[in-house]
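Novice: Residues per chain, in single letters:
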Amino acid sequence: MSTRVPDTIDLNALIRGEKGAWDGFVRRYAGLILAAVRGVAREGAELDDLVQEVFVRLCKDEFRLIKAYDPARAGLSTWLTIVARSTARDVQRRRHPPATPLDSVPEIMLAVEDRRLEPVKIPEGMLSPRQKLVLTMLYDRDMEVAEIAQVIGVDPQTVRSTHHKAMLKLRTHFALDDAGPKTERRG
Amino acid sequence: MKESGAAALWRRWCSQRQTAPRNGAAPGALWLAAYADGRLDETAIEAVEAWLADDPAALDDLIAARTALRAKFPAAPEAAIARAAALVGHADATVVPFRPRAVQHRAWRTAFAWSGIAASLLVTSLFGFTLGSNAYLDLTRQQSAQQAATDSVLPELLDPPTTLFPAMEDSAT
Chain W
113 MSTRVPDTID LNALIRGEKG AWDGFVRRYA GLILAAVRGV AREGAELDDL VQEVFVRLCK
173 DEFRLIKAYD PARAGLSTWL TIVARSTARD VQRRRHPPAT PLDSVPEIML AVEDRRLEPV
233 KIPEGMLSPR QKLVLTMLYD RDMEVAEIAQ VIGVDPQTVR STHHKAMLKL RTHFALDDAG
293 PKTERRG
Chain R
71 MKESGAAALW RRWCSQRQTA PRNGAAPGAL WLAAYADGRL DETAIEAVEA WLADDPAALD
131 DLIAARTALR AKFPAAPEAA IARAAALVGH ADATVVPFRP RAVQHRAWRT AFAWSGIAAS
191 LLVTSLFGFT LGSNAYLDLT RQQSAQQAAT DSVLPELLDP PTTLFPAMED SAT
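Line by line, the protein sequences are chains W and R.
My numbering applies: residue 113 is where the first sequence begins, and numbers increase by one.
My numbering applies: residue 71 is where the second sequence begins, and numbers increase by one.
For the record, the hints were derived by calculation from the structure and aren't laboratory data.
Any given hint might turn out to be false.
[As the list claims (entries may be wrong)] Not everything, but these chain R residues come out facing chain W in the computed CB check (under 8 Å):
{"id": "1", "residue": "ASP107"}
{"id": "2", "residue": "ILE133"}
{"id": "3", "residue": "PHE197"}
{"id": "4", "residue": "GLY198"}
{"id": "5", "residue": "GLY202"}
Where is the CB? At the ideal position from N, CA and C, for every residue including glycine.
When you get a sec, could you build the whole thing from the sequences and use the hints?
Specialist: Rendered as structure tokens:
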């Protein structure tokens with residue numbers, strides 16, 4: 113049974129500013145937008161205000177944002193979710209810039225950086241974008257293979273294969289790196 | 071699949087790599103949505119994935135968008151729906167301002183306040199001027215009266231009429 117939010121909406125009527133089209137659009141997608149902003153709302157944030165800010169942005173400048181949407185490229189629900197989250201983050205950043213009390217920062221973090229940086233050892237493009245993405249989700253986000261497969265739209269075996277190839281590259285690189293330059297190993 | 075050795079290799083790689091400068095702006099919402107819906111070609115997929123690996127917020131958005139495709143959402147509160155619906159549909163087809171326009175009311179109140187102050191100053195000045203003028207007039211009147219009195223006595227003192235000393239006149243004749 114499909115639980116998707118239907119994407120059938122008269123965009124032309126919406127862009128013309130027709131009241132009926134706008135009311136229908138609001139009623140259909142307010143729930144989705146509320147769920148989207150809830151995911152990025154900070155503690156104590158007013159969810160209704162964030163939802164309103166999203167709708168304001170959508171109809172602002174004679175519906176400029178909606179005019180930029182292309183239904184041939186992406187579904188409306190998907191696009192609205194991303195727009196809503198982005199708008200909610202921007203609004204919260206404007207109203208309450210994130211701040212960390214100085215006392216809560218370890219002293220080591222406040223140290224002046226040593227400008228004598230070691231040369232970058234990783235060759236550019238060693239890992240493909242997908243390999244970096246898979247490793248980021250596996251090790252930085254602690255996501256499962258099935259989740260990653262669902263996010264990037266591939267089957268789980270592809271994720272495992274991508275991970276395996278990435279690991280081969282890393283092991284090869286660091287094995288060479290640890291062994292040192294060839295001139296040092298002679299004799 | 072996750073080995074501690076593999077995780078260590080990944081951390082080591084992250085600590086040593088230099089993030090390549092981004093060429094141009096981040097992919098917009100439409101690009102991310104297209105990626106989430108599986109509608110991009112290979113070249114575009116690679117570009118978006120390269121960006122996602124370095125942009126945690128964009129990756130969060132992608133994960134949320136993927137979840138949204140499968141979810142069924144409860145309806146938003148009616149108050150929120152009514153508030154959003156009111157943004158469109160006025161006679162002049164303009165968007166209702168989000169914040170009420172209080173600036174004009176503030177300007178009128180300020181104008182009235184300054185007018186009252188100016189009127190008070192004017193009244194006080196006129197009153198003071200009037201008092202001062204009256205005082206001056208009174209003073210000048212007094213001075214005039216004294217002068218007049220002096221003027222009337224002085225000639226008689228300097229050149230008294232003969233009738234003033236009749237005995238002297240009798241003896242003189």
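Novice: Does R/GLY198 hold up as a contact with chain W if the rule is Cβ-Cβ below 8 Å?
Specialist: 53 Å, violated
Novice: Please verify that hint: R/ASP107, Cβ, nearest Cβ of chain W, below 8 Å or not.
Specialist: 5 Å, holds
Novice: With chain W as the partner, please determine if R/ILE133 meets the hint condition of a C-beta pair closer than 8 Å.
Specialist: Because about 6 Å separates R/ILE133 from the closest Cβ in chain W, which is inside the 8 Å limit, the hint holds.
Novice: Taking the least C-beta to C-beta distance, is R/GLY202 closer than 8 Å to chain W?
Specialist: 59 Å, violated
Novice: If you take the shortest Cβ to Cβ gap from R/PHE197 to chain W, is it below 8 Å?
Specialist: With a closest approach of 53 Å, the R/PHE197 hint is violated.
Hint compliance for this structure: hints 3, 4 and 5 are not met, and every other hint is.
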